Amino acid sequence: MERFVSLFVTGVAQGAVFAVVALGFLLIHKATGVINFAQGDLVTLGAYIAIWAATDLELPLLGAYAVAVAALAAVGVLIERFAYAPIRDRSIHVVVISTLGAALVIRAVIVLWRGTSPTRLRGPLGFEVVEVLGARIPKQNLLIIGVTAVCVAALWLLFHRTQFGRQVRALASDRMAAQMQGIRVARMSMLTFGLAGGLSALAGVLIAPTRAVTVDLGFGPMLYAFAASILGGMGSIGGVVVGALAIGLVQQLGGGYLSPDYAEVYPFVLMLLVIALRPQGVLGSEVRARL
Amino acid sequence: MTLRAAGIAVHFGALRAVDGVDLAVGPGEAVGMVGPNGSGKSTFLNAVTGVVAARGSLEVAGRRVPLGRPGAIRRAGLARTFQSPQTFRELTCIENVLLADRDRHATGLAGAWLGRRAMWRRERRRWARALAALDRVGLADRAEEPAGLLSYGQQRMLELARALVGEPAVLVADEPSAGLDDTETAELARLLGDLPARGVSLLVVDHKLDLVEQVADRVVVMQLGRVIADGPPAEVWRRDEVVEAYLGRRGAARG
Numbered sequence: 001m002e003r004f005v006s007l008f009v010t011g012v013a014q015g016a017v018f019a020v021v022a023l024g025f026l027l028i029h030k031a032t033g034v035i036n037f038a039q040g041d042l043v044t045l046g047a048y049i050a051i052w053a054a055t056d057l058e059l060p061l062l063g064a065y066a067v068a069v070a071a072l073a074a075v076g077v078l079i080e081r082f083a084y085a086p087i088r089d090r091s092i093h094v095v096v097i098s099t100l101g102a103a104l105v106i107r108a109v110i111v112l113w114r115g116t117s118p119t120r121l122r123g124p125l126g127f128e129v130v131e132v133l134g135a136r137i138p139k140q141n142l143l144i145i146g147v148t149a150v151c152v153a154a155l156w157l158l159f160h161r162t163q164f165g166r167q168v169r170a171l172a173s174d175r176m177a178a179q180m181q182g183i184r185v186a187r188m189s190m191l192t193f194g195l196a197g198g199l200s201a202l203a204g205v206l207i208a209p210t211r212a213v214t215v216d217l218g219f220g221p222m223l224y225a226f227a228a229s230i231l232g233g234m235g236s237i238g239g240v241v242v243g244a245l246a247i248g249l250v251q252q253l254g255g256g257y258l259s260p261d262y263a264e265v266y267p268f269v270l271m272l273l274v275i276a277l278r279p280q281g282v283l284g285s286e287v288r289a290r291l
Numbered sequence: 001m002t003l004r005a006a007g008i009a010v011h012f013g014a015l016r017a018v019d020g021v022d023l024a025v026g027p028g029e030a031v032g033m034v035g036p037n038g039s040g041k042s043t044f045l046n047a048v049t050g051v052v053a054a055r056g057s058l059e060v061a062g063r064r065v066p067l068g069r070p071g072a073i074r075r076a077g078l079a080r081t082f083q084s085p086q087t088f089r090e091l092t093c094i095e096n097v098l099l100a101d102r103d104r105h106a107t108g109l110a111g112a113w114l115g116r117r118a119m120w121r122r123e124r125r126r127w128a129r130a131l132a133a134l135d136r137v138g139l140a141d142r143a144e145e146p147a148g149l150l151s152y153g154q155q156r157m158l159e160l161a162r163a164l165v166g167e168p169a170v171l172v173a174d175e176p177s178a179g180l181d182d183t184e185t186a187e188l189a190r191l192l193g194d195l196p197a198r199g200v201s202l203l204v205v206d207h208k209l210d211l212v213e214q215v216a217d218r219v220v221v222m223q224l225g226r227v228i229a230d231g232p233p234a235e236v237w238r239r240d241e242v243v244e245a246y247l248g249r250r251g252a253a254r255g
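Protein chains in written order, with our numbering: chain A, 1 to 291; chain B, 1 to 255.
Treat the hints as calculated values from the structure; they're not laboratory data.
None of the values given here were measured: they were computed from a predicted structure.
You may find that some hints are simply not true.
Just a few of them, taken from the derived set where beta-carbon distance is under 7 angstroms, the chain B residues facing chain A [what the hints assert, rightly or not]: (1) F12; (2) L15; (3) A53; (4) P70; (5) G71; (6) R74; (7) R75; (8) Q86; (9) E95; (10) L99; (11) D141.
Glycine residues also receive a C-beta, built at the ideal position from the N, C-alpha and C atoms.
One chain only, chain A, in its complex shape (with noise of 0.2 angstroms):
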């Protein structure tokens, strides 16, 4: 049973850091339909600006958080302005190609300025754990859960309570009757971006105190997040944080229970399954032509 817990909560708080990721993909798929592949590259460099705030700067860690999160928004509108932007007209394979670009310039900057010898950096509990049904909790683990649950909620309000998310769901539907209706369009994209990025940021700094830092940190996390886009049907917020949850699942529960060497593999057999048995997604509708 304590092994079960442990391997449960481990499983959601991952899957919650792939959540969070897997927002920003949504955010902008949204508004934009496109795929922005910096995503991992941004949450490396959430993480890497928060632990440059804590200790060149030496900011208390909730200063160094946010930080790292107004620099990543900042980071995502220029990424919209200068690899998105200029070629928004053009076919969305060569769009997606200028992200994973940004992301290759990204990545290059990290090395350049922190190296790539692996840091740290500190949770704001610590090392402390908690007792749950016999299992030994990491309360960063709790954290995680705890700050993942408030952003879905403060994300479903934007976008099914402001005129901002309804905005944003119009481009989704139809880019150009949106238009027509008089959203700015590239006003829109420019504000996804960013807050595409601040979540970015927020995915670094909540996973960073839970491993080794290192220019590779937001790899996996994209991946995940992006087979939790799938699974989720890239349509509703609900979809990616289950979609996301599952992953995580999966990941922990297989690895504990079946073979830990695989557990890096079970995410995307069970991407497969769905795409497979359900290719909308799990709570995707199904598309349907427009008569």
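Take the given structure of chain A and dock chain B to it, following the hints.
Relative to chain A, chain B alone:
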């Protein structure tokens, strides 16, 4: 002038779909545009709403607006409904209408949180206006349903509510009665007929000439990309060139 389009020209290769059309619609004026198929009516509407590239100049509510910029044209006060309704199917009816509200202020996450009291106030006012617009077209009780669940005729009405909530200076309606039955067409005529009194100018293209006659106090006839007649309906129908270009078909259609 509420709408002033001058020298509008659209060429598709060698074809002059719209060949230098001037059209002005005054405040509270309702203008019908008619003409045989292929005469350039829809292309003209596409040009003044920014959907196709065009030459010429455009003024909406006294302000010059660049052609080819649908968003800017909409924000300047020119609203449009389409031949086949373009609603956001995944959004609820009221969300469809809210999107087009004249208060376009939208903030990101941080702004929404910092200015949340002002935001909620704006939201409440937007909802009141959107509900009133839905009520006008008889869809108030469907407000919370996804637009995709509405019937074809109801989608048209929703599109009309969305066009009108922003208090546009002018409504451009492209074949608004297409696909509507007689009852729905009568309701549409009532809604369009009310517009001038509410200070909204109207430019309507429709094949149902009775509808055009009912709502418009001026008719513009197009043929081969040019305006061939412009005046009060009764007078326009009598002109020889109009009879030749158009009314022969009208008689045939009625037979």
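The hints, checked one at a time:
1. F12: Cβ of F12(B) sits 19 angstroms from chain A, so the hint is violated.
2. L15: Hint on L15(B): violated, closest Cβ of chain A at ~23 angstroms, above 7 angstroms.
3. A53: Nearest chain A Cβ about 14 angstroms off; hint violated.
4. P70: holds, 5 angstroms
5. G71: The hint holds - G71(B) has a Cβ within 7 angstroms of chain A, the shortest such distance being about 5 angstroms.
6. R74: Nearest chain A Cβ about 4 angstroms off; hint holds.
7. R75: It holds, given that the least Cβ distance between R75(B) and chain A is near 4 angstroms, below 7 angstroms.
8. Q86: holds, 4 angstroms
9. E95: Interface hint status for E95(B): holds (5 angstroms vs cutoff 7 angstroms).
10. L99: holds, 5 angstroms
11. D141: Violated: closest Cβ of chain A sits about 21 angstroms from D141(B), beyond 7 angstroms.
Comparing the model with each earlier hint shows violations of hints 1, 2, 3, 11; every other hint is respected.
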